[in-house]
Amino acid sequence: MKHDILIRIVTIIFQVFIVVTIVFSAIRFMPGDPAVLVLGTEKGADPEAVAEMRKTLGLDQPFLTQYIDWMKGAVTLDFGQSIFSGIDVTESIMERLPKTLELAFLAMILAIIIGVPLGIIAALYRGSVIDSMVSALAAVGISFPVYIIGTFLILLLSFKLNLLPASGYVSFSENPLEHIQRMILPALTIAFGLASTIARMTRSSMLEVLNKDFIRTLRAKGLNERKIIFKHAFRNAIIAIITIIGLELGNLIGGTVLIEYLFNYPGLSSLLIQSINNRDYPLIQGSIIIIATIYILINLFVEIIYGLVDPRTRKQNR
Amino acid sequence: MIKKMLKNKVFVVCFLIFISIIVLSLIGPWIAPHNPLEINSSKVLQPGDSENILGTDEFGRDILSRLIIGIRPTITVALGATSIAFVFGSLLGMIAGYLRSLPEKLIMRSADIILSFPPILLALLVVGFWGGGVRNLILIIGIVYMPYFARLAYSSTIQVKGLEYVQSEILLGASHFRVLFKIIFPNILSPLIIQSSLTMAAAILLESGLSFLGLGIIPPEPSWGQMIGEARGYIFTYPMYVIWPSLLLGLTILSINLLGDSLRDILDPKIKIK
Numbered sequence: 001m002k003h004d005i006l007i008r009i010v011t012i013i014f015q016v017f018i019v020v021t022i023v024f025s026a027i028r029f030m031p032g033d034p035a036v037l038v039l040g041t042e043k044g045a046d047p048e049a050v051a052e053m054r055k056t057l058g059l060d061q062p063f064l065t066q067y068i069d070w071m072k073g074a075v076t077l078d079f080g081q082s083i084f085s086g087i088d089v090t091e092s093i094m095e096r097l098p099k100t101l102e103l104a105f106l107a108m109i110l111a112i113i114i115g116v117p118l119g120i121i122a123a124l125y126r127g128s129v130i131d132s133m134v135s136a137l138a139a140v141g142i143s144f145p146v147y148i149i150g151t152f153l154i155l156l157l158s159f160k161l162n163l164l165p166a167s168g169y170v171s172f173s174e175n176p177l178e179h180i181q182r183m184i185l186p187a188l189t190i191a192f193g194l195a196s197t198i199a200r201m202t203r204s205s206m207l208e209v210l211n212k213d214f215i216r217t218l219r220a221k222g223l224n225e226r227k228i229i230f231k232h233a234f235r236n237a238i239i240a241i242i243t244i245i246g247l248e249l250g251n252l253i254g255g256t257v258l259i260e261y262l263f264n265y266p267g268l269s270s271l272l273i274q275s276i277n278n279r280d281y282p283l284i285q286g287s288i289i290i291i292a293t294i295y296i297l298i299n300l301f302v303e304i305i306y307g308l309v310d311p312r313t314r315k316q317n318r
Numbered sequence: 001m002i003k004k005m006l007k008n009k010v011f012v013v014c015f016l017i018f019i020s021i022i023v024l025s026l027i028g029p030w031i032a033p034h035n036p037l038e039i040n041s042s043k044v045l046q047p048g049d050s051e052n053i054l055g056t057d058e059f060g061r062d063i064l065s066r067l068i069i070g071i072r073p074t075i076t077v078a079l080g081a082t083s084i085a086f087v088f089g090s091l092l093g094m095i096a097g098y099l100r101s102l103p104e105k106l107i108m109r110s111a112d113i114i115l116s117f118p119p120i121l122l123a124l125l126v127v128g129f130w131g132g133g134v135r136n137l138i139l140i141i142g143i144v145y146m147p148y149f150a151r152l153a154y155s156s157t158i159q160v161k162g163l164e165y166v167q168s169e170i171l172l173g174a175s176h177f178r179v180l181f182k183i184i185f186p187n188i189l190s191p192l193i194i195q196s197s198l199t200m201a202a203a204i205l206l207e208s209g210l211s212f213l214g215l216g217i218i219p220p221e222p223s224w225g226q227m228i229g230e231a232r233g234y235i236f237t238y239p240m241y242v243i244w245p246s247l248l249l250g251l252t253i254l255s256i257n258l259l260g261d262s263l264r265d266i267l268d269p270k271i272k273i274k
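Sequence order for the protein chains is A and B.
Position 225 of the first sequence, counting from 1, maps to 225 under my numbering, and the rest follow consecutively.
Position 145 of the second sequence, counting from 1, maps to 145 under my numbering, and the rest follow consecutively.
It should be emphasised that the hints constitute simulated quantities derived from the structure, not laboratory data.
The reader is advised that the hints may include incorrect statements.
To be verified - Calculated cross-link-like contacts (lysine-lysine; reagent style DSS-like; alpha-carbon spacing at most 30 Å):
#1 B/Lys182 <-> B/Lys4
#2 B/Lys3 <-> B/Lys182
#3 A/Lys231 <-> A/Lys212
#4 B/Lys4 <-> A/Lys212
#5 A/Lys160 <-> B/Lys43
#6 B/Lys105 <-> B/Lys161
Here chain A stands alone, though its shape is the one from the complex:
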């Protein structure tokens, strides 16, 4: 087990390294010269000024020199400065990242609170009206894009019922109540789709467990139904649920892009879109690497938890 995890960690480091290298080289082969963009349309037409700017930005160096210089910094989490604002890349990422993580985890908790009980109820009353309603709702939640669900929630909760503000962000220290008020709508939007996936998975894995022989034995020996469901059935179904939660958590980190845009939420993804529009190389590299690393780490984490919860998978890994 320990040996397995060690191998995984080495693989992960290698994987991150490759992702970093690809992002670094891909960006440099893509069209659009940042030097021209920094100077603006007027000055950018002057080749001398552009050459000067490229020199200050270090873009005149050979590709390999740029790569090695950048790598040296990246190892110590120093991704250089934004070529537009001059602000430290690590600093701007550290300012945005907690906001995205807060949103993602809030959404995930909401989704688990909504999804798991709905899935269990649907499985227990299989074929009933409740079951079909949960299934229909889940199908909508999985298919409809997040920004459509978000739009409908805005129309319902802030336009029709006037309950919540439609967009924006207020920091917790500034005004705790408003902070939470503005978080609810985006978090609920993400949670709707997530809860659908979780409910579906909970339902199907509960059904699978409930059909097993040992449950029939427990029923036959007269154990009360509540104990059977929560102590025995749910405990067996939870492996599949954890896996799906982990996988979705990974997607969530990237999926917040659309939500942050819809709700004008100042997270890491909106920083990335903004930096792509500006051709801000250091900022793009920094944010993509952080996002991809988190994505890879979450996947690793899920695999490890999977091994801990379900002893059967340990042997298969060998």
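For this one, chain A is given, so just place chain B on it according to the hints.
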């Protein structure tokens, strides 16, 4: 098989919806009541009347016509990207599973690398630099979903290759080409078809998402995702403008997803036994 398909009501309904969407995307220009690009500044954000049934957008363009014309780029991207992912992904996966050793390592590790980016970020990065448009979207979305087909084809190929009749065919001296395409491919087709319908839905989701951000289909050519993105600004002044494309897009993806689910019920006998 066809009998089984006709018996499955969800399949029939979703298949009909799917076909009608494709037909609409083909005949759209002939049935749209107005020119979707025609600007009319005297009639901006008006609710529906006898002339513009679903009303007009912020430039006075007919919403119904834009909805009809907007199907085409979305469907083109979805079909194109899914074809690319299906053909190249399955081919690479089959080669990896059939030859093993070096090609296996090269192909499957490359797939792992693509999979270590969240799909929308990879697409965003490429589209942000190279620009949107139907061709670029087909290419990048096709590449993003290739690994899913490769993994599926890879594991199924390994399974099928171990079966006795395939082994005997190899021992009898059948060429690689014959073994791959005449014997293995028909046997691994069903999961790939199911994956195709899921990928189609995912491709529409991704295309409309990028268009929603203003990075996908290039205006003024309409697409549903882009219409939602534009209508977002008028959500409180004229809500129906955002509701129409949202409903259509959501229902389209829903029907394709359900089509995939019912296909799985029809094609995968293992689930039936459960």
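Hint-by-hint comparison with the structure:
1. B/Lys182 <-> B/Lys4: holds, 25 Å
2. B/Lys3 <-> B/Lys182: holds, 26 Å
3. A/Lys231 <-> A/Lys212: Since the Cα atoms of A/Lys231 and A/Lys212 sit roughly 15 Å apart, the hinted pair holds (cutoff 30 Å).
4. B/Lys4 <-> A/Lys212: holds, 29 Å
5. A/Lys160 <-> B/Lys43: With a Cα-Cα distance of about 26 Å, the restraint between A/Lys160 and B/Lys43 holds, given a limit of 30 Å.
6. B/Lys105 <-> B/Lys161: holds, 18 Å
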